[in-house]
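> Here is what each chain is made of, one letter per residue.
Number of protein chains: 2
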Amino acid sequence: MNTTPNLTKNQSLVLDVLTRSEAPLSAYTILDKLRDSGFRAPLQVYRALDKLIEMGIAHRLESLNSFVACAHANESCCGHAHGHGHHGTVAFAICESCGQVNEFHDHAIDDRLAGWAKERKFKPSKTTIEIRGLCEACMH
Amino acid sequence: MNTTPNLTKNQSLVLDVLTRSEAPLSAYTILDKLRDSGFRAPLQVYRALDKLIEMGIAHRLESLNSFVACAHANESCCGHAHGHGHHGTVAFAICESCGQVNEFHDHAIDDRLAGWAKERKFKPSKTTIEIRGLCEACMH
DNA sequence: GTTCGTTGTGTTATGCTATAACGTGTGGCA
DNA sequence: TGCCACACGTTATAGCATAACACAACGAAC
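Quick note, the sequences are listed as chains A and B, same order.
Under UniProt numbering, the first residue of the first sequence carries the number 1, and numbering increases by one thereafter.
Under UniProt numbering, the first residue of the second sequence carries the number 1, and numbering increases by one thereafter.
Treat each hint with caution, since some may be false.
Given that identical chains are not distinguished, each listed pair holds provided it fits within a single copy or across any two copies.
As the list claims (entries may be wrong) - Calculated lysine to aspartate or glutamate pairs in the DMTMM-like style (CA-CA distance at most 25 Å, straight line):
(1) K9 - E119
(2) K33 - E119
(3) K123 - E96
(4) K118 - D36
(5) K118 - D50
(6) K51 - D111
(7) K9 - E54
(8) K33 - D106
(9) K33 - D110
(10) K118 - E96
(11) K121 - E22
Calculated directly from the structure, the hints in this document are not laboratory data.
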């Protein structure tokens, strides 16, 4: 069981499923994996996911309509730890062959996007960066 | 009518709708706008969109499940024009209040992502960058 | 010009993704 | 005790996307 404090039962169950998975999972796949634990409806999954994402310990992959556990949940690399290793914008490299996801973040990109936003007086709330392609293992 | 050459009738109709719209449109919204032109089924829209995106004259916004006409269809700023002003990865700033979308691209970010990919021998096929937030006009 | 492959089209049916709306239960706190 | 905030459970519905099949239009090759 994942022992992150202050998680409700449903949130823990969903996070566990995500943490154990090699690849991102859709909400409905999560639901299926949790039927034995008493889950019956999509909303139970979506509500847990919303909270996990809000806490920064799970992420949504927009280009896949799927979800992953945060790979950096215990780091706080950017100087301002918000309880769960909050860092700047996170980027994902997603292999379209094996489905594996690599999470990373990059100050230079953050700065660049922040600069663009500042120039235009645009106030960012959430930024999505996803690279789809082939990982080394899947290339010929 | 949009006069981009080599578009089929359906593709032109869809592109026209996108071009005239201030904000991104979902496939079903496009469908509704084209009922009078004979469209009856989602697939007619999706097929046209697929081609337009492939040609680089429309984009999909992953975080909205919606589509926009390319704002730079006639530019070729990065030195290699692929017929339709093909440039590097495109980024979008999306106002969550008014819905307006600002399309831009940034060499530094491109380079940075390319560098990351090269280091890991990851071969990118498509990159998504979307900033959601509030535009200047919508801030208080 | 006929044959054939490719591409676009039209249609029905279906599957996947996400949320609305309502009600219940529980724990903190004045 | 009464209230409030929040998690949870359930049903129904809305919104997004594609499978599978059939037909038409076009160009290239012969």
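> Is it within a copy, between copies, both, or neither that the alpha carbon of K121 lies no farther than 25 Å from that of E22?
between (39 Å within a copy, 20 Å between copies)
> With identical chains treated as interchangeable, where does the CA-CA distance between K9 and E54 reach 25 Å or less: within a copy, between copies, both, or neither?
within (17 Å within a copy, 44 Å between copies)
> Within a copy, between copies, both or neither: which one fits K33 and D110 at a CA-CA cutoff of 25 Å?
neither (36 Å within a copy, 38 Å between copies)
> Using 25 Å as the alpha-carbon threshold, which applies to K123 and E96: within, between, both, or neither?
between (32 Å within a copy, 10 Å between copies)
> Checking K51 and D111: alpha-carbon separation at most 25 Å within a copy, between copies, both or neither?
Answer is neither: 27 Å inside a copy and 34 Å across each miss the 25 Å cutoff.
> Given identical chains, is K33 near D106, meaning Cα to Cα at most 25 Å, within a copy, between copies, both, or neither?
neither (34 Å within a copy, 41 Å between copies)
> Reference check for the pair K118 and E96, CA-CA at most 25 Å: within, between, both, or neither?
between (34 Å within a copy, 17 Å between copies)
> Reference check for the pair K9 and E119, CA-CA at most 25 Å: within, between, both, or neither?
neither (44 Å within a copy, 40 Å between copies)
> Please sort K33 with E119 into within, between, both or neither, judging by C-alpha distance up to 25 Å.
neither (46 Å within a copy, 36 Å between copies)
> If the cutoff is 25 Å on CA atoms, where do K118 and D50 land: within, between, both or neither? Let me know, please.
neither (28 Å within a copy, 34 Å between copies)
> Please work out whether the CA atoms of K118 and D36 approach to 25 Å or closer within one copy, between two copies, in both situations, or in neither?
Answer is neither: 49 Å inside a copy and 43 Å across each miss the 25 Å cutoff.
Taken one by one, the earlier hints fail for this structure at numbers 1, 2, 4, 5, 6, 8, 9, listed in ascending order.
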